[in-house]
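Q: Given these sequences and hints, build the entire structure.
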Amino acid sequence: MATLVYLHATENIGKGSLELVTYARKIDSDVTVFVTGEAPNASLETLGAYGAKEIIVNRVLSVSNNQQVCAWLAQHAANYSTILFSHDFNGRSIAPRLSVRIKAGLISGAVSLPETNGAIKVNVFSGKAFGFVKCLTETRIISLLPNSIAPELIGGTCTVREVNEQPSTQGTIAVLEVKKPEGAIPLPEAELVVSAGRGLKGPENWGMVEDLAEALGAATACSRPVADIGWRPHHEHVGQTGVAIRPNLYIAIGISGAIQHLAGVNGSKVIVVVNTDAEAPFFKAADYGVIGDAFEVVPKLTEAVKKFKAQA
Amino acid sequence: MKILVCISKAPDTTSKIAFTNNNTSFDENGVQYIVNPYDEWYALVRALEIKESIGAEVTIITVGTSNDEAIMRKALAIGADNAIRIDAEPTDAYFVALQLAEFAKLNAYDLILTGKETINFNGSQIGGMLAECLDSPYVSVASKLEVEGKNIRVEREITGGIEVLQVSLPAVVSCAKGMAEQRIPNMRGIMAARTKPLEVRPALPVDALTSFSSYASPATKSAVKIIDANALDTLVALLHNEAKVI
Ligand SMILES: Cc1cc2nc3c(=O)[nH]c(=O)nc-3n(C[C@H](O)[C@H](O)[C@H](O)COP(=O)(O)OP(=O)(O)OC[C@H]3O[C@@H](n4cnc5c(N)ncnc54)[C@H](O)[C@@H]3O)c2cc1C
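Respectively, the protein sequence lines represent chains A and B. First residue of the first sequence? That's 0 in numbering that gives the first Met the number 0, and the numbers climb one at a time after it. First residue of the second sequence? That's 0 in numbering that gives the first Met the number 0, and the numbers climb one at a time after it.
For the record, the hints were derived by calculation from the structure and aren't laboratory data. Don't take every hint at face value.
Covered by chain B, per the in silico footprint, the following chain A stretches (three or more residues, Cβ under 8 Å) [stated by the list, open to error]:
hint : segment
1    : 80-90
2    : 100-109
3    : 286-300
For each residue, glycine too, the CB sits at the ideal point set by N, CA and C.
A: Here it is, written out as structure tokens:
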């Protein structure tokens, strides 16, 4: 039976949205996408090429009012056997509500398509293990972790329909302000991440980390103590008690590789470690290692990346 | 003001994660349980800060067995006023949320705080489910919270930024880093916790909506390839040709 995808789209359609539509299409080719956000119809139409059949966009709802978005989705949920969210900040706020509202099991943090027995692989123990979860209700809700499936262009078109449904709710949520750091790539969705730890000695030394990230087109991240002492903003803190990420490439500079840090980054496809200490535990979790001083290695690596990019 | 803080047990962050019974259950052998860090460091401590600044009664609640009373005493030692344990072995997040909601409905809490997620299941489900049961507004992954009369001012993470929200009370908020600083219980707190009320209540019959059928450990990495610190062109070439990530 048909699949519902919920997306919040502001300008252009991000890679995470293409992943969701691809995942939905692989479950069932009858894919309807419910959208909140300002994204223009022209960008929404591009989802047709990834398998969306119909887009229903509601621009009067605020994504932050999860009560309302949930009520809107619930009104239409009966037509679908699978309801898909991203396990991002919006999915985390809406999917659990919907699970209660329509009494459908929620499988959160999915990392792959359902197995033949219906169980879905999810991330548990903060990246230290996987679990296989079965949904015991007829309708299932899945929230998918970013970078879990590659978007697949299959060609095709979709229709876009605009609606203005605005269910009433009991409480109120008003957005007072949005603070956006300029130009930063959001960490949870980033494919490439350059991260640094206490080995960098002080916040004034992050220039070289940012240079490397910029040369690669990567997001920046850090270890917990670095965020705790205020060298870097909290949202860059990765690990068991920070953001858990699963990029294609994670470059760890001057990070020892404590078990709590590894928990949040173990899901990375390829890990590169730069550390002066050949005995640093991180090397055990790495694919490539450079034993050396970050202050020498990082600028050289940035040059090597620039050289490669210039040739490519 | 009445604040309810939902806490969960979680294996200590250094625990070895292994499975038994043909990979169908978590191997608890030698595992030390702690209060889930998000619940303790952020939700509980922020509740106590609110209590200290404007006055509040802070109740902690957990759905668990008598084994969980040790972590509850820890939360009381940090400063919670009283504790509720709903006596059941949790089956899934829905089961837990319905138990919490049942209790919350009886007591008209102004504010209910949870951690952003547990470090063992990483579901991020309880707060939102509980809010829906109570028909309350919900803010997930909040990094700041101030009480302003009948409202709260909350900051929550969104993709690529921070959103500042004004939310009417009663409300449910899931708490993450930034909200507060970890507190270590002192001797007086530990002594006082021994005599603070810990009430045990029976659970409602609730059918779970999901179930874990098995677990798996991540594939082990092959040995690291060490690249000479002066041969970084080689590293870039490997990342392109071999790893195919750039
Ligand atoms: C309950 C709990 C939860 C936690 N959660 C997290 C979490 O979510 N995320 C997290 O990151 N941590 C977490 N931690 C902390 C974790 O245990 C480590 O303390 C932390 O990750 C260490 O950070 P670090 O690697 O930056 O610093 P350090 O351990 O100090 O390591 C610095 C590294 O830099 C290297 N170095 C020094 N100078 C140079 C140089 N010039 N060039 C190259 N390398 C150099 C050193 O050899 C060393 O390996 C948690 C801890 C606990 C108890």
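Q: Does each hint fit the structure? Answer for all of them.
A: Structure-based check of each hint:
Three residues within the 8 Å Cβ limit are the bar, and the segment 80-90 of chain A against chain B gives 4, so the coverage statement holds. Given as covered by chain B, the segment 100-109 of chain A passes the check, having 8 residues with a CB less than 8 Å from a CB of that chain where 3 are the minimum. For the segment 286-300 of chain A, the stated coverage by chain B is satisfied: 11 residues place a CB nearer than 8 Å to a CB of that chain, which reaches the threshold of 3.
Consistency with the previously given hints is maintained throughout, with no hint failing.
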